[in-house]
Amino acid sequence: MSSGVSYEKAISKFTKKRIGEVLLAENLVTTEELEEALRLQKKQGGRLGQILVNQGIVRAEDLVRILTNQYNVPFVDVKIETIEPTALQLIPEELARKHSLIPINASGDSLTVVMAYPDDIRALRDIKAMSGKKVEIALGIPSDIENAIDMYYRSTNEIQEQVNRFGAASEEDTEVTPELIARTPVTQSLDLLIQQAIRDRASDIHLEPQEHHLRVRYRIDGILYDMFSLPKSFHTPILSRVKILAEMNIAEHRRPQDGQFSVKVGDRDIDVRVATFGISHGERATLRILDKSLTLFALSELGLSHRALNSYESLLSNSYGMILVGGPTGSGKTTTLYASINKLNQNEVNILTIEDPIEYRFSGINQSQVNPKIGVTFASGLRAILRHDPDIILVGEIRDRDTAETAIQAALTGHLVLSSIHGNDAVGVIFRLMDLGIEPYLISSTLLGIVAQRMIRRVCSNCPTQYQPSVEEHLAYNLELQEELTTAFKGKGCHLCAGTGYRGRTGIFEVLVMQESIRRMLLSNSSAEEIKEEAIRRGMITMRQDGMMKVREGITTVSEILRSVVSTD
1 MSSGVSYEKA
11 ISKFTKKRIG
21 EVLLAENLVT
31 TEELEEALRL
41 QKKQGGRLGQ
51 ILVNQGIVRA
61 EDLVRILTNQ
71 YNVPFVDVKI
81 ETIEPTALQL
91 IPEELARKHS
101 LIPINASGDS
111 LTVVMAYPDD
121 IRALRDIKAM
131 SGKKVEIALG
141 IPSDIENAID
151 MYYRSTNEIQ
161 EQVNRFGAAS
171 EEDTEVTPEL
181 IARTPVTQSL
191 DLLIQQAIRD
201 RASDIHLEPQ
211 EHHLRVRYRI
221 DGILYDMFSL
231 PKSFHTPILS
241 RVKILAEMNI
251 AEHRRPQDGQ
261 FSVKVGDRDI
271 DVRVATFGIS
281 HGERATLRIL
291 DKSLTLFALS
301 ELGLSHRALN
311 SYESLLSNSY
321 GMILVGGPTG
331 SGKTTTLYAS
341 INKLNQNEVN
351 ILTIEDPIEY
361 RFSGINQSQV
371 NPKIGVTFAS
381 GLRAILRHDP
391 DIILVGEIRD
401 RDTAETAIQA
411 ALTGHLVLSS
421 IHGNDAVGVI
431 FRLMDLGIEP
441 YLISSTLLGI
451 VAQRMIRRVC
461 SNCPTQYQPS
471 VEEHLAYNLE
481 LQEELTTAFK
491 GKGCHLCAGT
501 GYRGRTGIFE
511 VLVMQESIRR
521 MLLSNSSAEE
531 IKEEAIRRGM
541 ITMRQDGMMK
551 VREGITTVSE
561 ILRSVVSTD
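So in our numbering, the last one in the sequence shown is 569, and the numbering has no gaps at all.
Derived by calculation from the structure, the hints in this document are not laboratory data.
The beta carbon of each residue, even a glycine, is placed where N, CA and C say it ideally should be.
Don't take each hint at face value.
Unchecked claim - Heads up, simulated DSS-like pairs for lysine-lysine below, C-alpha to C-alpha not over 30 Å straight-line: (1) Lys133 - Lys79; (2) Lys264 - Lys134; (3) Lys343 - Lys79; (4) Lys373 - Lys134; (5) Lys264 - Lys232; (6) Lys79 - Lys98; (7) Lys373 - Lys133.
Claimed, not checked - DEER-style ranges, computed between Cβ atoms: (8) Gly108 - Ser233: 27 to 33 Å; (9) Pro256 - Arg519: 47 to 53 Å; (10) Arg122 - Arg254: 53 to 59 Å; (11) Met434 - Ser559: 30 to 36 Å; (12) Ser233 - Asn478: 52 to 58 Å; (13) Leu523 - Ser317: 38 to 44 Å; (14) Arg254 - Ser559: 40 to 46 Å; (15) Ser262 - Asn462: 40 to 46 Å; (16) Glu533 - Pro85: 48 to 54 Å.
Using the sequences and the hints given, assemble the complete structure.
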């Protein structure tokens, strides 16, 4: 959607009134201040309004307000405006810097440009000729436009430069070898893709070959975004480079492969987990980014409500039994487990782990990693751990019956066992264990409790705005909390959140404590619905209820809760 007016229309209505006269009329400057600014302008050049802003006499916001009337164009705040990559591609950075402007939107045959000086007729005509589109203009604050140019052009141009260099090199070299990859721009381009992903807070990079190009997507705050479209000739070399770094078989294209490598970005140590898989147009790769420099969360920082946190910490105070964290892939289970063993880490206890992979290294905790190539699985690793006198055991994930049975036996023999498992909700985890072949009496006698969770996006703290919820949002909120949704917030969209309205994530949780009544119901073959009703009667807050409480606090939106948690009622 356009944010400006056509430059022909704006030019035709430019007022002839001098800016100094307007500033005087609005009492924003004194006669003496204006005369001094005019002397400076005559001596050093430049625009009068900007001179007054630089001297601290006039605020940039006040100047822009006046100029919108002078130029008859709308004001656009580029700090919160979504700037489209397709628009940036139409105007080179040099022209944008020279004339202090930035293109923000390309729609159909129109291009919207935010300018510090909309009366720069030559720049406007150059933009129209270069883009081949009708130009619509808006007014922006010069310093904000300069910052936007720095932010949006730099990484895009660096990657495109590497692509262009590779395009020239690929015409000469036909055989892809490690030596070729090491001396071509693809090495730098992969580095740039990873660096940009880290700047954008991405958790994953997806390299997806399409029929005519290589699609690059980043997962940011749990959502996939299209980032770059690279030439198809880029696919084989960049995938080969990834495989070499991850110590994978460069010649194998049919079988899925897994690997890992480390890079240093600035002063940050980054681990990258790699998985490849063949699809119709070639071999795709997913790169999971694990930032080892990130601070480990404490339990109190995960998003647990006061009641849920007390319940969970009470579970962790047990000396034996099993505690499970349930949820789908990407729901933050590992973060919760790490926060848990970090709290339990004391000199007088022996904590051992079996993980896949080790995502964070603890001081004082004995961590080991699954390695199927030498026969170390979760189950075999867990059996080995039991011979090393553990007090607390962390099993990265229960995926099969063998692992589940071994974990149950460890809990029965006086160890506190923590693990993750896939399940839609807390009660669903119980039935997942039964699906794996675990008898209800074993679950009843060993399971202390379950934490089920999801990750949800937070409303961007830079652009929150109050809005009127829809009827559907009112109904969904009321269904969970039996109260009216009187105040709701969402993100307007800004450069910090890439126009999404969300920035960062937190968790929503439900903590099921295996009380005696629930154990009896499990042994009497009660249904999932009946057990869930009993858990709620005993004080369990469901994930949807926890989510709506965070809506009430302005942390997230109803639509985000509905997207993240499918009702199991």
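Structure-based check of all given hints:
1. About 25 Å separates the Cα atoms of Lys133 and Lys79, which keeps this hinted pair within 30 Å; it holds.
2. A threshold of 30 Å between alpha carbons decides the hint, and for Lys264 with Lys134 the separation of about 44 Å lies outside it, so the pair is violated.
3. Under the criterion of a C-alpha separation no larger than 30 Å, the hint pairing Lys343 with Lys79 is inconsistent with the structure, at around 40 Å.
4. The suggested pairing of Lys373 with Lys134 is violated, with an alpha-carbon distance near 61 Å, which exceeds 30 Å.
5. Restraint check for Lys264 and Lys232: the C-alpha separation of about 28 Å stays at or below 30 Å, so the hint holds.
6. This hinted pair checks out: Lys79 and Lys98 have alpha carbons roughly 20 Å apart, not beyond 30 Å.
7. Restraint check for Lys373 and Lys133: the C-alpha separation of about 58 Å exceeds 30 Å, so the hint is violated.
8. Take Gly108 and Ser233: their Cβ atoms lie about 31 Å apart, and the range 27 to 33 Å holds.
9. Separated by about 41 Å at the C-beta atoms, Pro256 and Arg519 break the suggested range of 47 to 53 Å.
10. Taking the beta carbon of each, Arg122 and Arg254 are about 58 Å apart, inside 53 to 59 Å as hinted.
11. As the Cβ distance of Met434 to Ser559 is approximately 34 Å, the hint placing it in 30 to 36 Å holds.
12. Ser233 and Asn478 have their C-beta atoms about 55 Å apart, which keeps the hinted 52 to 58 Å range intact.
13. Between Leu523 and Ser317 the CB atoms are about 25 Å apart, so this pair departs from the stated range of 38 to 44 Å.
14. In this structure the supplied range 40 to 46 Å holds for Arg254 paired with Ser559, their Cβ-Cβ distance being about 41 Å.
15. Between Ser262 and Asn462 the beta carbons are some 32 Å apart, a value that contradicts the proposed interval 40 to 46 Å.
16. Range check, Glu533 to Pro85: Cβ separation about 50 Å, and the 48 to 54 Å hint holds.
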